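Visitor: Single-letter residue listing:
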Amino acid sequence: MKFRTFGRHVKESFRSIARNGWMTFASVSAVTVTLLLVGVFVVIMMNLNKLADDLENDVEMKVFVELTAEDQQITELEQQIADTLGVKEVVYSTKEDELVKLAQDFGNDLQLFEQDNPLHDVFYVKAATPTETAAVATRIERLDQVSRVEFGKGKIERLFAVLDVSRNVGLVLILGLLFTAMFLISNTIRITIVARRRDIEIMKLVGATNWFIRIPFVFEGMWLGIMGALLPMTLVTTAYYAIYNELQPRLAQSELITLLPPMPFLLQVNGLILVMGIMIGIWGSFMSVRKFLKV
Amino acid sequence: MIQMKDVYKKYPNGIVAANGITVDIKQGEFVYVVGPSGAGKSTFIKMMYREEKPTSGDIIINGINLAKIKSKKVPLLRRQIGVVFQDFKLLPRMNVYENVAFALEVIEESPKVIRKRVMEVLDLVGLKHKARMFPTELSGGEQQRISIARSIVNRPKLVIADEPTGNLDPDTSWEIMNIFKEINSRGTTIIMATHNKEIVNTLKHRVIAVEGGMIARDEAEGDYGYEI
Chain A
1 MKFRTFGRHV
11 KESFRSIARN
21 GWMTFASVSA
31 VTVTLLLVGV
41 FVVIMMNLNK
51 LADDLENDVE
61 MKVFVELTAE
71 DQQITELEQQ
81 IADTLGVKEV
91 VYSTKEDELV
101 KLAQDFGNDL
111 QLFEQDNPLH
121 DVFYVKAATP
131 TETAAVATRI
141 ERLDQVSRVE
151 FGKGKIERLF
161 AVLDVSRNVG
171 LVLILGLLFT
181 AMFLISNTIR
191 ITIVARRRDI
201 EIMKLVGATN
211 WFIRIPFVFE
221 GMWLGIMGAL
231 LPMTLVTTAY
241 YAIYNELQPR
251 LAQSELITLL
261 PPMPFLLQVN
271 GLILVMGIMI
281 GIWGSFMSVR
291 KFLKV
Chain B
1 MIQMKDVYKK
11 YPNGIVAANG
21 ITVDIKQGEF
31 VYVVGPSGAG
41 KSTFIKMMYR
51 EEKPTSGDII
61 INGINLAKIK
71 SKKVPLLRRQ
81 IGVVFQDFKL
91 LPRMNVYENV
101 AFALEVIEES
111 PKVIRKRVME
121 VLDLVGLKHK
131 ARMFPTELSG
141 GEQQRISIAR
151 SIVNRPKLVI
161 ADEPTGNLDP
171 DTSWEIMNIF
181 KEINSRGTTI
191 IMATHNKEIV
201 NTLKHRVIAV
211 EGGMIARDEA
221 EGDYGYEI
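Here the protein sequences come in this chain order: A and B.
Its first residue numbered 1, the first sequence is counted upward by one per residue in the numbering used here.
Its first residue numbered 1, the second sequence is counted upward by one per residue in the numbering used here.
In short, the hints are calculated from the structure, not lab data.
Computed from a prediction, not measured in an experiment: that's the story for all the values here.
Incorrect hints may have been included.
Said to hold, decoys possible - Once the Cα atoms are required to be at most 27 angstroms apart in a straight line, the calculated DSSO-like pairs of lysine-lysine come out as:
{"hint": "1", "chain 1": "B", "residue 1": "Lys116", "chain 2": "A", "residue 2": "Lys2"}
{"hint": "2", "chain 1": "A", "residue 1": "Lys101", "chain 2": "A", "residue 2": "Lys88"}
{"hint": "3", "chain 1": "A", "residue 1": "Lys291", "chain 2": "B", "residue 2": "Lys72"}
{"hint": "4", "chain 1": "A", "residue 1": "Lys291", "chain 2": "B", "residue 2": "Lys53"}
{"hint": "5", "chain 1": "B", "residue 1": "Lys46", "chain 2": "A", "residue 2": "Lys11"}
{"hint": "6", "chain 1": "B", "residue 1": "Lys181", "chain 2": "B", "residue 2": "Lys197"}
{"hint": "7", "chain 1": "B", "residue 1": "Lys5", "chain 2": "B", "residue 2": "Lys116"}
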């Protein structure tokens, strides 16, 4: 193919978009609706995942050391905990550290206790698998010099149940979305085919090769995909910034749950929407032309 | 330039549209193909530009055997033949100029040559001033003239016309015939399927009558020979 023919194909694709009017509108709308659904869904899923990760990583056991334990024994205990099955991370915190933390939360009045600190030395332990926190806690409780182990018992189990459900719901949503997308696009293609079959037939009779016919259609599909992606990209970006600015200050107070920061995240989502738009467009054109090239 | 030898065509539904056709057409001839509807006239014409493939036998045009040509080569064949249809077959979303230019774009001609040649043939068919209009804005006769312009713009040696005046009134039909006459006088072979008795009997040329998938008559300066 000569380069000027390539230019001709690009020009032809633009011309066709302009002259097809309602057909262009119909295709772009179908792509827009699909991509908007995809965009919203991806934003929700990614944040849900982030939430789940945040919560899971936050599941921590607090192991209280016996007040009578010697330094030597504490060092041994740390080793034992680290060696316990299913433990990922052990962080030691002396009773003095604990007092500082308390003071941060409740004010400096607690400095009174500096002379006679009533707190325990503490190990903060994380399980390798957050869902096994309870089992790991039981194992650690059996070790010498351990006074008691605390973690948000029943609550955590319920939390994991909720997260499981929400992920399954997400999966169902994905399937529903894919189905909708296929339906919308294949319907639009069907409309386009009827309008185009005569054009393709004529082009072949005049001596056009399959690729000569196909390439402008493929370009056209690509532009339609890009046009269809513009609105979803704008909407998702605007909406996410609005929601983020509204919710983030409140969520930040809890220190537990946070939304994904917009910057790299929105770029990724918009990139995904754009690429999907282009792929849907090209695929759609290819499918609609393919059937009628065998004249 | 065209040799058909023992051409036989049977459609999947069992109809035999060509039952042993042998014919020889020379460069520069003007040939009418006549015959009752459903007698195999259209099949005879369609096999020449490879819209239909013969079941057996040979069709040789300019040394290319259409019975053996690969599907991939069909576009190359079509570029050497101009085809004019009863229903014009213009692209509705392209204007007059673009419709004609399309036949040159497919052979990747340069824009300069395309512009020159398209304007030349539009001039020949007398529609230069309507180059920017769309087919739907033109009358039937004008659309057919555009279709003819497209068929000759890449200077084929052979033009095949399948009832080109079938949808047109008598006056317009004669305008179209005059264009074909002009094209033929420049040495282009013309094969025309037609039902137009007046034209065949007035503008005398070779007549091939197809009946029941066979050649019933082949006369140098024949008559239409059927009562309508």
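Visitor: Confirm or reject each hint.
Guide: Now for the hints, and whether the structure bears them out:
{"no.": "1", "hint": "B/Lys116 with A/Lys2", "in the structure": "holds, 20 angstroms"}
{"no.": "2", "hint": "A/Lys101 with A/Lys88", "in the structure": "holds, 23 angstroms"}
{"no.": "3", "hint": "A/Lys291 with B/Lys72", "in the structure": "holds, 16 angstroms"}
{"no.": "4", "hint": "A/Lys291 with B/Lys53", "in the structure": "holds, 20 angstroms"}
{"no.": "5", "hint": "B/Lys46 with A/Lys11", "in the structure": "violated, 33 angstroms"}
{"no.": "6", "hint": "B/Lys181 with B/Lys197", "in the structure": "holds, 17 angstroms"}
{"no.": "7", "hint": "B/Lys5 with B/Lys116", "in the structure": "violated, 40 angstroms"}
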